[in-house]
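Peer 1: Using the sequences and the accompanying hints, generate a full structural model.
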Amino acid sequence: MKKKVISLVLSAVMAAGMMAGCGQAQQAAPAADAAAPAADSTEAAAPAADTGSAGGGKTIALVTKSAGNAFMELLANGVKEAVEAAGGTLIVKDPSAATADAQITEISSLISQGVDAIIVSANDENALSAVLNEAKDAGIKVLTADSDVAAADRAVFVNQADVNLIGQTLLDAAYDLAGGSGQYAILSATSQATNQNAWIDAMKAAQEADPKYAELELVEVAYGDDEPQKSTDQTQALLQNYPDLKVIVAPTTVGIAAAAKVLQDQGSSVKLTGLGLPSEMQEYMGTDDAHSCPYMYLWNMIELGNLTGSTAMALANGDITGAAGEKFTAGDLGDYEIVDVNGATQVVLGPPFQFTPENVKEWADKGM
Amino acid sequence: MAGKSGREISAVPEGGLKSKILSWEGALVLILIAVNIFGVIVSPVYNATNVLREMPKYLAEAFMVFGMGYILVLGDIDISVGSIVCLCSTVACFAGNAGAPFPVVMIACIGTGLLCGLLNGFIATRFTELPTMIITLGTQIIFRGIAEVSLGSGGSISMSDTTGLKALATKIGPFPLSFFLIIIGAVIFITILNKTTFGRKMYACGSNQTAAKYAGIEVQKMRLTAFAFMGVQAGICAIFLLSTLFGANTTTGNGFEMEVIAMCVFGGIATTGGKGNLLGGFIAAFIIFCIRIVLGQKNVNTQLVLVIIGLMLILSVVIPAISQAFKKKPKV
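Quick mapping for you: the protein sequence lines, in order, are chains Y and X.
Numbering follows the numbering used here, in which position 318 of the first sequence is assigned residue number 318; successive positions increment by one, without gaps.
Numbering follows the numbering used here, in which position 212 of the second sequence is assigned residue number 212; successive positions increment by one, without gaps.
Calculated directly from the structure, the hints in this document are not laboratory data.
Hints may contain errors.
Pairs of lysine to any residue residues, derived as SDA-like cross-links and limited to a Cα-Cα distance of at most 20 Å, are as follows [claimed, not checked]:
1) Y/LYS136 with X/VAL51
2) Y/LYS136 with X/THR162
3) Y/LYS261 with Y/LEU239
4) Y/LYS230 with X/GLN140
5) X/LYS171 with Y/ALA138
6) Y/LYS136 with Y/THR321
7) Y/LYS136 with X/GLN140
8) X/LYS171 with Y/LYS261
9) Y/LYS136 with X/THR170
10) Y/LYS230 with X/ASN254
11) X/LYS166 with Y/ASP137
12) X/LYS298 with Y/ALA97
13) Y/LYS136 with X/ILE142
14) Y/LYS246 with Y/GLY182
15) Y/LYS230 with X/ILE142
16) Y/LYS136 with X/LEU52
17) Y/LYS230 with Y/ASP265
Among the chain X residues that face chain Y by a calculated CB cut under 8 Å, a handful are [as the list claims (entries may be wrong)]:
18) ASN36
19) VAL45
20) SER156
Quick caveat: nothing in here was measured; it's all calculated off a predicted structure.
We put the CB at the ideal spot given by N, CA and C, even for glycine.
Peer 2: Below, the structure is given as structure tokens:
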């Protein structure tokens, strides 16, 4: 009997552990709801799936990076707007973890359901190759948004902004906040996130290209895995390891919010910039010593979603194939052209937008 | 005790058809059938073709049920298997990209698993006073750490030559190759555990290590074997996982250990050792796969899927315990 009790307790602990994994994601959800009141994308999508492709409209599926990511929910809302405006239905799939592995499971299930197009924000550049090709063979249009895969595995990539432009912008922000010289660190998401790595590489390349940045020193690229707790730990480690650190650049919305809280709570003189959501960063933005973030950047995620949704519908309807030079109309956003960047076709939304303490509230109120 | 069902749900005597149906394994088969009927009813696309197409990714994990079953029967636990899978896939990718022919890649992958398993087993048998939970917690961090360091800043590697891996992912008829291997493995390992002296010795060690030792069973040797075997299974899991992922990254195999332990426990193998039937773990694995596929096709929130599996796990342990408590009451 004693053994039975022990085994019971052990199993209960294990089951609790399994649930804790999802508890985390759900804790993050209320914050996301605050950011976007209409962020019930997952729930809203579920009934739509029941009808399948019935009714003549196209069924588009969006595989996000992970659940509980406010950034992804805004994108999902934008995609939903555009897809529904064009008479289609959207299924949103949030993988159980921010891994390629979990995304493969979701995509595989979507192939079974026979959707018309799959939009992926990739957690890994290469790992999705096999499953995406399987989708293509099944006649499903594949496109990526926010984070790309190898060009051969998808029709087109909807890019938020040109990679080099983002790299240059972030580097200039670090240069400006550090006062032209000193140490800066990068707080990234996961070490294999395609977009993060591309931006970081672009920052490094821009720094090497111009002697103006010679006095600026990148001390470390830390990875917070887009988890609030790990990002907090990594920020604290950076502060401890580099007492002379002047600036932290966090090109991830989860990372920048976690870092902002750490810096402000500790009253640190380290300045923060990067890519952040106005609604999450509102209380940390200011040019005085009491605030950690003087300015940051982001693109309009809802517009990126709109553009992605329109692109998916255009692909599903056969209006475009994803080849360079093709043109299509993306609802209210106007006309877009598919361009070729180093052999990879993409649609580019526009330059990153600067958020300052003056305009942050206005954007936060818009739900971003 | 050997081969006895992990959980009793009825007081029928051993042997005979009735006891087989009323055993935990019998109940699991019924649950598996029920899940499939449920799948066909709720999801219009739940059919053999789609299930078999979605299955390979899950099947890789099922290889580890055998190893984990053995370890749990011995009364030990191994929570480093997810990390072993990560390290094995990483080594395989490096070997493949260095130009090694595919058989060598496979040997490197499974060999790495064997080495990791041997290390776990070596520490566990050398320092018998240490709980294996703690030992494998340590090696879990070490193995993934080694993989992370060798993967470097990118954190991801992909296999440049995928011909061998694609051959592994081939299908025989509608069935993936790994499906047959799993069935063959199940037959062999369940027979070993239930019908051979080696298997009976394992149950003896798990029930009472001291008694087993005085009965002349080389307990530590059995434990070392089980850990090494687990490592090999993790290596096999890694190579089949590679045949769907074509690459490795720092998160490969994350959480596999808990999923595999969950399958075993759901299948009736007690974490305290000496009890349970590997067949149960094997069926439980398929129940969990089918549930995931059905709920995935219905676009149920993946977090909710985890909650459902967690609840099933708790119920599977609680219900037999409660029914037993009721049965025993009059005797007291």
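Peer 1: Take the hints in turn and mark each one as holding or not.
Peer 2: How the hints compare with the structure:
1. Y/LYS136 with X/VAL51: The given pair, whose Cα atoms are some 19 Å apart, holds under the 20 Å limit.
2. Y/LYS136 with X/THR162: Measuring from Cα to Cα gives roughly 19 Å; hence the hint holds.
3. Y/LYS261 with Y/LEU239: With a Cα-Cα distance of about 13 Å, the restraint between Y/LYS261 and Y/LEU239 holds, given a limit of 20 Å.
4. Y/LYS230 with X/GLN140: Holds, at about 18 Å.
5. X/LYS171 with Y/ALA138: holds (17 Å)
6. Y/LYS136 with Y/THR321: holds (12 Å)
7. Y/LYS136 with X/GLN140: Violated: Y/LYS136 and X/GLN140 sit about 37 Å apart, past 20 Å.
8. X/LYS171 with Y/LYS261: Outside the cut-off at roughly 52 Å; violated.
9. Y/LYS136 with X/THR170: holds (18 Å)
10. Y/LYS230 with X/ASN254: Distance ~16 Å between Y/LYS230 and X/ASN254 Cα, so the pair holds.
11. X/LYS166 with Y/ASP137: holds (16 Å)
12. X/LYS298 with Y/ALA97: holds (19 Å)
13. Y/LYS136 with X/ILE142: Violated: Y/LYS136 and X/ILE142 sit about 39 Å apart, past 20 Å.
14. Y/LYS246 with Y/GLY182: Holds, at about 6 Å.
15. Y/LYS230 with X/ILE142: holds (19 Å)
16. Y/LYS136 with X/LEU52: Holds, because 18 Å separates the two Cα atoms, which is no more than 20 Å.
17. Y/LYS230 with Y/ASP265: At roughly 17 Å apart (the allowed maximum being 20 Å), Y/ASP265 and Y/LYS230 satisfy the hint.
18. ASN36: violated (15 Å)
19. VAL45: Since chain Y brings a Cβ to about 5 Å from X/VAL45, closer than 8 Å, the hint holds.
20. SER156: Status holds, d = 4 Å.
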